[in-house]
Structure formats: C-alpha cells, structure tokens
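Undergrad: Below are the chains, spelled out letter by letter.
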Amino acid sequence: MSILINKDTKVLVQGITGRDGSFHTGKMVAYGTKIVAGVSPGKGGQLVHNVPVFNSVEDAVNATGATVSVIFIPAPYAADAILEAAEGGIKLVVCISEGVPTLDMVKATAYLKKKGVELIGANCPGLITPEESMIGILPVNIFKKGNVGLMSRSGTLTYLMVSLLTQNGLGQSTCVGIGGDPVSGLYYQELLERFENDPETEAIVLIGEIGGDAEERAAQYIKEHVTKPVVAFIAGQTAPQGKRMGHAGAIISSGSGTAEEKIAAFEAIGVPVARLPVEVPALVKKALDERKK
Amino acid sequence: MSILINKDTKVLVQGITGRDGSFHTGKMVAYGTKIVAGVSPGKGGQLVHNVPVFNSVEDAVNATGATVSVIFIPAPYAADAILEAAEGGIKLVVCISEGVPTLDMVKATAYLKKKGVELIGANCPGLITPEESMIGILPVNIFKKGNVGLMSRSGTLTYLMVSLLTQNGLGQSTCVGIGGDPVSGLYYQELLERFENDPETEAIVLIGEIGGDAEERAAQYIKEHVTKPVVAFIAGQTAPQGKRMGHAGAIISSGSGTAEEKIAAFEAIGVPVARLPVEVPALVKKALDERKK
Amino acid sequence: MKIHEYQARNLFRQYDIPVPDDVLCYTIDEVEKAARELNRMVVVKAQVLVGGRGKAGGVKLAKTVEEAVVAGQKILGMDIKGCTVEKVLVADAVEIKKEYYVGLTIDRNTKSVLFMASAEGGVEIEEVAKENPDAIHKIPIDPDLGMTDFMARKIAFKLFDDISLVKQATDIFKKMYQLFIDTDASIVEINPLVITDGNVLKAIDGKMNFDDNALYRQASIEIMNEPTEDEKKEIAAKESGLTYIRLDGNIGCMVNGAGLAMASMDVIKHFGGEPANFLDIGGSSSPKKVVDAMNLLMSDKNVKVIMINIFGGITRCDDVANGLITALNQLKVDIPIVIRLSGTNAEEGLRIIAEHNLPIVGSLSEAAKEAIRLVKSL
Amino acid sequence: MKIHEYQARNLFRQYDIPVPDDVLCYTIDEVEKAARELNRMVVVKAQVLVGGRGKAGGVKLAKTVEEAVVAGQKILGMDIKGCTVEKVLVADAVEIKKEYYVGLTIDRNTKSVLFMASAEGGVEIEEVAKENPDAIHKIPIDPDLGMTDFMARKIAFKLFDDISLVKQATDIFKKMYQLFIDTDASIVEINPLVITDGNVLKAIDGKMNFDDNALYRQASIEIMNEPTEDEKKEIAAKESGLTYIRLDGNIGCMVNGAGLAMASMDVIKHFGGEPANFLDIGGSSSPKKVVDAMNLLMSDKNVKVIMINIFGGITRCDDVANGLITALNQLKVDIPIVIRLSGTNAEEGLRIIAEHNLPIVGSLSEAAKEAIRLVKSL
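Each protein sequence line maps, in turn, to chains A, B, C and D. Number 137 in numbering that gives the first Met the number 0 belongs to position 138 of the first sequence; there are no gaps in the numbering. Number 64 in numbering that gives the first Met the number 0 belongs to position 65 of the second sequence; there are no gaps in the numbering. Number 76 in numbering that gives the first Met the number 0 belongs to position 77 of the third sequence; there are no gaps in the numbering. Number 89 in numbering that gives the first Met the number 0 belongs to position 90 of the fourth sequence; there are no gaps in the numbering.
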C-alpha cells in the first residue's frame, strides 16, 4: 500500500514534447512509472521515449485509461492544462510548473473541486511511492521503500530529508511535495488523512516553512485525527521579518507565520520538531520504537 | 402528500416591500401559506402583512428557518436575488420576476446546481398545493385539492386548465408553472419524476407550447420512467412560423419545435393530446377510470 | 433583437475575428465606387433581417465593376419575404478551399451557452442537423470557466488537422464566445467560416441576435436596431408593456399571457375564424395598459370584432374592466366586443362590464364561436 | 510587487472608488503650491514602500500653507526604515466621523479571494486581528460568482446600519474586488475607509500589492514599479532566474530551492555563523545561472566565505559544477568556497569539482561548520 499512486497508476504527461517534459518523462519511464501517454497539441501520433503523444487529454484518456496527469507546461498556460486534465477525465493532477498566476489557480481549484479531481502543486516537485512510481522531478536514487510517509512545502529540502532518512535505514511509503504557492492543491490535512488511513505508513514526517498558518492547522488536525507518530521540521527559523524568501507563501507578516509559532503549535500537541534536518531520522526512529511497544 | 411544498413549508419573500411583492404576500398569507419572513435591504425590522422583514436572506433564514424563497425583484437584480437565496440557505427558489437576462440565468443555475438548490422560474406564476400552500401569484380560488398533478410553461393558460379541471370535479395535488424563459429551473422531467413518486398524484397534466424540444424530451422521459397517466395540451398549434409569441423560448425555427411535432411525440407513446383546452378534463377522467380498472 | 450581416461583421472586426473587407452601399454609385476600390472579385449581398436571401437572389458574385453594378441594380430595391432591400454589402470575394459552420447559442437543456461546429458549413445547417445530426458537434460551455484555451482547441481539432488552422480557429472561437458574453447575444454564428487559398480562416457571413431582456445594459447594441414597420409597432407596444404581433385575420384578440394568447388563437382557428393578431397584455396590468391595447387593436383596419380573454392572476379583472370602459369612452369603438373574464377580482370586473351592457361569455370556446358568428354576420 | 499609496489612489480613482483630492510633490515648492491649490486643511504623507511611516513621523496634518511647507521640509528627505523619502502626497484632510478597515487578499485555506472588513479601522489592523479576531469579518469570495451585489451588501451591513452608507459601501466593495481581479493583485486594502461629515464614504489610505507571477500580463501595473536599490539587485537576480535577498552576515550562500536555502541559513545560524544572503538558484539551472549567482555573491563585499549547497532534482549537479568552474575561470574569486552536492548527476558533478581541487563536504551541517571555521580563521 501507499497513498495516491502505486505501481499500477497510469500516468500521462502534459507538455511531453517540451525540454523539461521530455527529460523527466525519460526519468519517470526509467524508474518504472507507468507513463502511458503524452499530450502536446498538434503533435498527436508522435512518440517520446516510446510514449504515444495525443493532441488532447481527452483523446489520451480515452485511448489509454490514464488517471493521473503530470504537467510540464509554461506558467501562463499551466492552469488551462490543469482544467483540461480535469475535464478530460483525470482524477489526480500533478502540476510541476512554477510561476502560475495565483488567480489562475483560484479558478482552477474551484473547478477541480466541482469535478471531484485532486491536485498536487503547482510549483511542486511531484510525488513518489518508492520502487513503484515517481511522478514529477524527484531524484529517485535517494528514495527507498519503507514505512515513513513524508510531505513538504519545499522541494530540495525534501530531498535532503529523504536522503537523511534513507541513509539511516528509514524507507518511505509515499513522499509528496505539496508546493509552496499561495493557492495549491492537496495540503497537509488531506495528506495526513491519507497517511493515517494507509496501512503501510507507520510514521509521518511533515516539513513546513515560515508563512501562513498551514502548519498550525495541520497541528490542530493531528491533535484531532491522527494516531500515528508525526515528526516535524520548519525551515526559516532564522529568516528576517518581512523578507520574501522565494516562495510566495513564505512571508512573515506582523508576528504571525513565524517558525517559533509553528514549532510551538506542534510541540504543544506532542509532535517533536527537529531544529536541524539531521535530527529528523533519530526522532522518527524513536517514534517508531515507541509505537512498537 | 404533494410535491415540493405543503402546509408546513416555511416561505420567505424577497422584495416584500415592493408593489407586487407586498400585494401577493397578502394573497399568500390569506391562503394560509406559511410566510415567515420578508427580505428588503435597509428595511429590516419592519412588518409587511404582519410578516417580519430582514435585510438579507441569510438573516431571515437564520431567524425563521425558511426553506423556500419567492422572488419579486425587478429583472436586472433578480438573478442576484436567486444567488442570495441559494447562498443564504434556501432549498427551493421560486422566481416570479419577468425579463431576467438569459446569461444571468446561465450563471445563476450553474451556482444553484453546485449548491444543490432547486429553482422554479424565472418568469413563472409559481406553484400551489391546493388548500395547503400557494407560492407565487396564482389566483387561488380556481384550485381544489385532489389527485391531478399539473405543470405548464404558461401562466394564464394554466389558470384556464385548472378552472376547467376544478369545474369538472378534478382537484389537483400540486400545480407548477415552470416559466417560459430560455433558461429556467425545474423542468418537465424533474417534475414528472416527482409526480411519479408522489402517492397522492394519480394523473398528470402537461401543458406545453411551441418552441424548443422540452415536450419531446418529456415524452421520452414518460416513455421510460412514468407509469401514471399523462394528458397533454400544446399551445400555438396555429402560430405562424418564425414569429415570436411573447415567450422567448416560443420561436418556431426551421420546422422544429412545432406543435405538430410535439403532439406527434406524445401520441407516439400513448399520451393523449387535447386539441382544445376544454377537452382536457374528459381525457383526464378517462385516464383515471382506466387506471382504476 | 436581430442585426444585419454588416453590423455583425463590424462587431467581428472589433473582436479581431477575421472578416474580408467590405463596404456598405445604399446606391448604385456607392456600389460602383466600392467595387472599384476593392479592385477584385466581389460579392454583392442584400442586407435584410430575414433568412433565405441567397435563394431569393439577394447574393451575387461579380468579377468586374460592371458586373457589380448590374448586381447592385438587381438587388437594391428588391423584395425578400416582404422586406425591401435598402442597402447592400459589397465584399471581397475570397477564394474558398473549404467551408465550415460555427455558432453559439443558448441551450435550454444544459442551461448554458452551446458551441456548435460542423465541417459541413455553407449549406443550410438546419438540413445537416436533420439529416446528419452527428456531423454537428455540440459542446456546452461551462459558465464558470468560459471558453478556455483547451476547450476552444478541442473544438478546433474536431474540424481541422493542420495545427496552423487549429490555432487560428482556437483564437476565433474564444473571441466569438467573448463577443457572445459581452453583448448578451442569443446567437453568434459564422456560416461559412472558410479556409482561403492562403490557408487563412475567414468569416464570410455573420449572424447575431441579442437577448431582448438584456438590452437595457447593452446601449451600444440597442442603437443598432433597425426595425421594420411592423416591428416598430411591436416595439411601441412593448414600451406600453404589451407583446403584439400583427397577423392577417379579422378577429382582434386581447389576452393576458403568451400561452393563453396562443391557445385563444388556436381555438379561434379551430372553429373556423382568423385571428388578426397576437396581443399579450402581460401581468400586473393597469387600466392604462388596456386602453393602449384597445388603441392598438383599433389601429388595424382589418379588425372587425374584438375578443377579450382574461384570466386574472397577477392581472386583476377589475383593472381590465375599468381600462376597457375608459377606452370605450375615449375611443370611437364601432365594432362588436366579446368578453370573457375570470380569476383575480373577476366578480368586480364582471359587475363593471355588466353595468355598461357589454356582452359577456362564459368560456373560451363560446367566446371564439361568438366572435366568429359576429364576423360572419357583418 | 508593491506600489506607493499615491499609485494605489490613482488606481482607486480609475475604478471610481472615492478618494480625497491630492497632489504628488517632489519639492517644497510643489508642496506649497499644492497646499495653496487645495486651499484647506491638508495631510502631508511620505511616499515610501515600507510600513510604519506614521509612527516614524512621515505623516503630518497641516492647517495652513505654512504648516504644510514645514511638514514637507521635515518629511522630504527623511529616512524611514532605510528608505529615503523622495516624494510626498499632499492630500485633502477630510473630516472623519468614523474609521473602518476593508481589504482583499488571497486565502490559502479557502483557495479564494478573501474579503476582510472591520469597524475597527485606522489602527494597526494586525493588532485587532490578534486581540479581537471576531472584530474582523472574513468572507471568501466564490471565484465563479465574483463579488455579487448581495455579497457586497451583506458585508456592508456588517459595518453599517444606515442604508445610504450600505449602498455606498456595496458599490466600493464591488469595485475593489474588480480592481483586485483586473490587476492580478495580491492585496487591495483601504485603511481607513472613513465616514466624512457629509455622510460620504472615502478611502483615506490605500495599499496594493501584486502577484509577481502575473506581471507578464499586467504591463500597466509593472511600469509602476519603483524598486529600491536593494530591490533592483533582487530584480536583476530574478531576471537571471535567481531569488536573492541581501542580509547582513558574511557567509555567502548559494542553494537550490527556497526551503533548502532557508534551512541552510538556519543551520549556519545554529552553529553560530551569519549568512550574508538568501540565494535560491531555482530549478532547471544551467551553468550560466551559476556564473550569474557567483557574480552576485562576489559583488557583496561583506561576503568572506561562499557555501554552496545543491540537492539536484530538476537541477543537475554537473551543470552546477560546470558553471562553478566557468565562474572561477571568469571571475577573480579570492575567498574560500565550501561545496556540498547531491542528487541528480551528483557523481559527475563531484568528479568535475574534485578535478579542480575544490573542497567538498558530505553534509549540510559539516558545510556550515566548515564555512564558519573558515570565516573565523580569516
């Protein structure tokens, strides 16, 4: 088991003929992800990494039965690609594209909700169920099958955490990069719910960062609904006030959204928070040991 | 039993302080309809026919538990009133207003669908469950409690039909004026389904008119889903081609939407169609007699 | 509300929908000048608000200026279904490789704007609709999204393979939808949309109708209205709150409600009579409205008998009766009247009418039969 | 992107949101002329892109022209949180009966535009938010509907009882929302919105921020940008695909990804060091980007050591290594570098680095400790 994707998940790639789309399609195919189709208007009938290309998502879904789409489309057209995926019958959309206008995402997420379609991203590295399926741009060699579920607002920080986990013998059930934009798809709460219900996941690592109150809300959710151990890390503990740190969501405004507040929220409900990334594996091991008792 | 409304239905009136709203509130109250609230922004706290007035639908619903709203608001603001009703917690909206722009109704009906709220109208006379509740502008004295369900695209033609039924001893379970605009709420199909499931309704009268294919679709639905007898009448049998007959929907264009086609569609599935209004009661009686056997 | 082709083409141009060059002409001199300036093969097209002008000879191709003048002479002033042609459009006649149909309208069933597209354009699309319905793609547009890129492209791929044409069509479809929404249209149609020899898409003929209920917020559309004489009468009636359509019979009808008005006409015809008009006095009638309606009926010299059929709901029968008495006092009404009243405040209305010794009948059938008897007795 | 108050006020005027008259002034002479022309009590307000100008003395009331000149002399040229005041707004000082707060922003939780309104305007709204959160009404706007009449009215009724004020507010709220949507704003704020003595609502102070991701389609907004010197450097970095924020420490950081960059800074601080900057080289890094990043780091004279922390995903470690070698060949880099590389193509990257005898460390903690050791050893 795992959450959201597994070895049987059929995936299509929107923007498969682009530079990034083509490169990462190769990586995904090599990892064993079932990439069954690509979409690129006007290039229907071509092959990319031996994957058939269609003119529209609808055509691709009808021909292949794909249920997940991963989007490598320039930001101005990315939201339209998300809508096309939802309208075309896709059930989970993973949007890698960076720099999508926020109001485009407001419209897109409202439509997805109406259609009952899930989204991860935009501006995210994707997700992986190790040794089964990787959808996105994750560097696969650092992952290892196991029982730790991981979710993160940050891409490369995820890689660091995962490699520390793997180095310490802690494999992962599923790792999800949720993206750091002001409006995005599945968030901590929805993923916590899924990890809680996933029999394979024994512990959860939550990587947050400064700005907003998503971590505080996650803490509230954990308190009420999560029985499995959670270990947290918050990036930006030393970030100066009011400075924008690359992620649009990561603004500390007037004393709320700080790392201290988030850390306090987690510790108040008994979720240990690592001060350094390197401390995470030990905290997870400790939590797993206690769970076994 | 009845469909949609009964003696316990709590109703609020949007536009209660206007000329028409106030007049018909009086008529509804006199009939025994449970009018529990009115809405008129800026006039909250007043009384109209002893009905308390609120500034917003939300306030009125919170204070009174109204589940149905009837709208007497000038056309340019009517669609906004429909949205307010749906957002404010109303479950069935009855819009009497005439002349609402079609694209306003396109937006409003999409929102109502998302919210799971039903609509009757716009540009309709409302509905009545005789001797229990009248919501709209129907002349109540012609109605009589009974077992005939009636639905119509036309207001005054409904009155004629109902008075003929009543004169002939045929009372009604519920009568619904669905309105004649290009985009409106509940239509033949949805009402046929409700009448079919209503134990009190023994026969159904469907009054159609030229234009569109709603009657043809109703015939198809009757064929597949309705076991109770249906009697139909189609107005506009002699209307000249291409002339607009008052209802925006009633345009005969290029040989489709004619009365002959609609009559043929009904007769093909065994639904008798009266040529004159006066023939309807006899057809209903005959159908009821056959059903009893 | 309908507009002429030349007006639709101008709206298309405002929205950057590609349309061949054209000149609107009221005289032969203007036609000659236009043909000379366009300086190539042209098409001369009657500008009338009725369909079927092609079959009526209202559209002619002209290879030379002389041919254009001859065409203009034939078309200007000709009668098409009762409309006199007062102006023609002289338009660039582009080379046509293939013709398509695309149109937007309101769909009652999906309660949305429906995009229709067919590779079988140029001919009567209604014929295609009947004989080969699958040849017309029908795509409802989600009002929350509008015409998205992907949806416009999806429709374009149904018509074209060439990606250059797909891109042009995607662009045109999005603009058509925007035009529809911005102007509260009820129809936006391009038939035919053509591929020209340069592999460029162009709108060769455009049709637009508008939602009358929305004209109050569409001033720039409303001023385009060019009503015919009959329509002017209908518009004047509308301003008094009446819906009026003149017909060819002799029994003037005054009814409240469109459905009842149609049914009244049906009943008159059923018993062998001929209605002179459709006249719906609508809801919330004031006595004033009835006076206006009587005025309208009396202005038609064909009317020999007046039949009044009122079923009060929002309309009050006493208002109608009072209006009628006022009208009879103000106007010289020298023809017989048959009256049927019921519904809201009917007793009071009937009392007022009875006081003035006007004939009252009990049912619609009786009213129709009496009106026919009176016409025949004249 | 942020804009000045005077720019926000001009946008408000374009949308018919009522704003008192004002004049933008760069000199004392202009201030005097403006105060004379407005010919009543004015307020002189520093135009800077940082908050807290009121507390810093950047806003002064002036009853006479002379007082306005004195206020202008004090404010023009003053320093507010590191920004020099180059211009002031001289604005009509209306009589204020009561102050309100209204604002629109993006809400991550409801994934929509959130309207915020409070009867406790004029003061620091953040204080109200903390101490009395119920005093701030928060209403998410359905993106499919936009700001409807009824919703704007509903919010207005939360602030006002008087129907005249409700109507004015309803109109203002709808326009604020339209302005937000039309310009791809991230914040539209009026604080305070006031009732003047004539019972008229006016926007006394306006704040607008915009979504940087949408500036490509907002040319008329983008040209309003007036970056500070530090921001110019950040913008130049952005144009090279880099996110750069200058800080006060001495360890120059080059990291890929915002989260990892923040975590790297955290680790440096944890071990007692001081980062000189936040520098995210982003995804799909080309060697060129690394050269640009090195250039940027070397342009800061405070930087004594450079710490590079790369976790390849979409970024390839070999690209980074090649870029670094190119940079070292092109630039005069006379300070020590600490490098940590892993992820996509890490082996190849490490091989390239090793060939050039650059110091490689195995973990982020080690890298931070080594950088700090090197700084201390200088």
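Derived by calculation from the structure, the hints in this document are not laboratory data. Just so you know, even glycine gets a beta-carbon here, dropped at the ideal spot from N, CA and C. Treat the hints with care, since some could be wrong.
To give an idea of the interface, some chain B residues facing chain C are shown, with a C-beta separation under 10 Å as derived from the structure [as the list claims (entries may be wrong)]:
hint: 1; residue: Y30
hint: 2; residue: S162
hint: 3; residue: I209
hint: 4; residue: T237
Undergrad: Tell me the numbers of any earlier hints that the structure contravenes, in ascending order.
TA: Result: hint 1 breaks, nothing else.
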